[in-house]
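Sequences and hints are given; from them, build the entire structure.
2 protein chains.
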Amino acid sequence: MSLREVPSGAIGLLIQELSRLPGIGPKSAERIAHHLLNGDRNQALALAGALRSAVETVRACSICHNWTEDEVCSICRDSRRDASLLCVVETPKDLASFERAATFRGRYHVLGGKLAPLDDVGPDELEINSLINRVRGGGVRELILATSPTLEGDGTALFIANMLAMTEVRITRLARGIPSGSSLDYVNSQMLTDALEGRRSI
Amino acid sequence: MSLREVPSGAIGLLIQELSRLPGIGPKSAERIAHHLLNGDRNQALALAGALRSAVETVRACSICHNWTEDEVCSICRDSRRDASLLCVVETPKDLASFERAATFRGRYHVLGGKLAPLDDVGPDELEINSLINRVRGGGVRELILATSPTLEGDGTALFIANMLAMTEVRITRLARGIPSGSSLDYVNSQMLTDALEGRRSI
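Chains as they are written, first to last, in UniProt numbering: chain S, 1 to 202; chain B, 1 to 202.
It is worth saying that the hints were derived from the structure and are not from the lab.
Among the hints, erroneous ones may be present.
For lysine-lysine, the following BS3-like pairs were computed, each having C-alpha atoms within a straight-line distance of at most 25 Å [stated by the list, open to error]: (1) B:Lys93 - S:Lys27; (2) B:Lys27 - S:Lys93; (3) S:Lys93 - B:Lys93.
Partial pick of chain B residues on the chain S-facing surface, computed with a CB cut under 8 Å [unchecked claim]: (4) Glu17; (5) Leu21; (6) Pro22; (7) Ala46; (8) Ala60; (9) Ser62; (10) Thr91; (11) Pro92; (12) Lys93; (13) Phe98.
Owing to the predicted nature of the structure, the values given are computational and were not obtained by experimental measurement.
Each residue gets a CB set at the ideal place from its N, CA and C atoms; glycine is no exception.
Structure representation (structure tokens):
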């Protein structure tokens, strides 16, 4: 592949900005830019408006730090959701995945990432203190630590569990095992070990 | 896959607009939206600005119909480029591919698509009349028909060639054969037939 020479001017700038998006290389960026200029240009304006509006209105909920356009998000305001059950996630995107599954009826706390000492992300960079204060404030019965099933995610969960060891709150972690719908052919040894350890009577 | 429920509000609108872009599905749209809100929000504003600016300033060159921010594009204004050699392409994107290859030193004419009777794209929907007038205006020695190597691209080339049959202008078509750098294992019979027909002495 030769180095792609990006055209100058307004089209070049548009291609450059598009190619900074995650998962979009220079070829896709060029295709999208030409598509937007070729077709209905109102689509490009609508996207520009949506970007501006999201940047200007979306902020963190003052309670759970999920994204919201209000002071407090709709989940924290919803009295039908169990306030005694807190699911701790890394990002608003993870929260959105739980909401799509639509099986969790408690509330959330968004950490804003996971502990990563090598990248200089310590407890003060995350919403860990606000979580501890929220739990110490009372009313929480169970904390589900739904950080990612990786070394750093496990480390973050362990750190939070240690901080709350002296409280009465039940602290749990998401189950690990083989993914539903998969074939055992594609399951690695760590998944099998987890699935054996966590086996349940039927 | 279950139906993805798009969140409402400013984030939902942003995801919706992003997922209308070519090659971007709902999952990528969600990932991009969260990336833009999570990181440096100036990136989102820069993209919004680039979209607006491109929509407002980019228009068709009055001579070749390539995209430009001026009345006449930089290629048509460049006196070092051979005005007697016209390369006819379907889109500004095709023109950009030729410019990247940097081997063509003539000028262009952008049709704005190809004849597609089934999609109601006839000669009047394309810049064919302006091409004929440009050629009849004199000064053109050769017309390279670089429409795509498909049924519709070939049909478009044939249509233009017929329209100009009574002129002195030499009309050529891009060579077809096996793509440089490929393996014969992956070449289909049409490519081999083209390559045999177009074989050249070495």
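Now for the hints, and whether the structure bears them out:
The hinted pair formed by B:Lys93 and S:Lys27 meets the criterion: a straight-line CA distance of about 11 Å does not exceed 25 Å. At roughly 11 Å between alpha-carbon atoms, B:Lys27 and S:Lys93 fall within 25 Å of each other, so this suggested pair holds. A hinted pair counts as satisfied when its Cα atoms are at most 25 Å apart, and S:Lys93 with B:Lys93 does not qualify at roughly 35 Å. A hinted interface residue such as B:Glu17 counts as satisfied when its beta carbon comes closer than 8 Å to some beta carbon of chain S; here the least separation is about 4 Å, so the hint holds.
Because the beta carbon of B:Leu21 sits about 5 Å from the nearest beta carbon in chain S, less than 8 Å, this interface hint is met. Restraint check, B:Pro22 versus chain S: the minimum CB separation of about 5 Å is within 8 Å; hint holds. Proximity of B:Ala46 to chain S holds as hinted, the smallest CB-CB distance being about 6 Å (cut-off 8 Å). Violation of the interface hint for B:Ala60 is found here, the shortest Cβ-Cβ separation to chain S being roughly 10 Å, above the 8 Å cut-off.
Annotation: interface hint on B:Ser62 violated; nearest CB of chain S at approximately 17 Å, more than 8 Å. Against a cut-off of 8 Å between C-beta atoms, the interface hint on B:Thr91 holds, since the closest Cβ of chain S lies about 7 Å away. Against a cut-off of 8 Å between C-beta atoms, the interface hint on B:Pro92 holds, since the closest Cβ of chain S lies about 7 Å away. A least Cβ separation of about 4 Å between B:Lys93 and chain S falls short of the 8 Å threshold, and the interface hint therefore holds.
For B:Phe98, the suggested interface contact is broken, since its CB lies about 12 Å from the closest CB of chain S, more than 8 Å.
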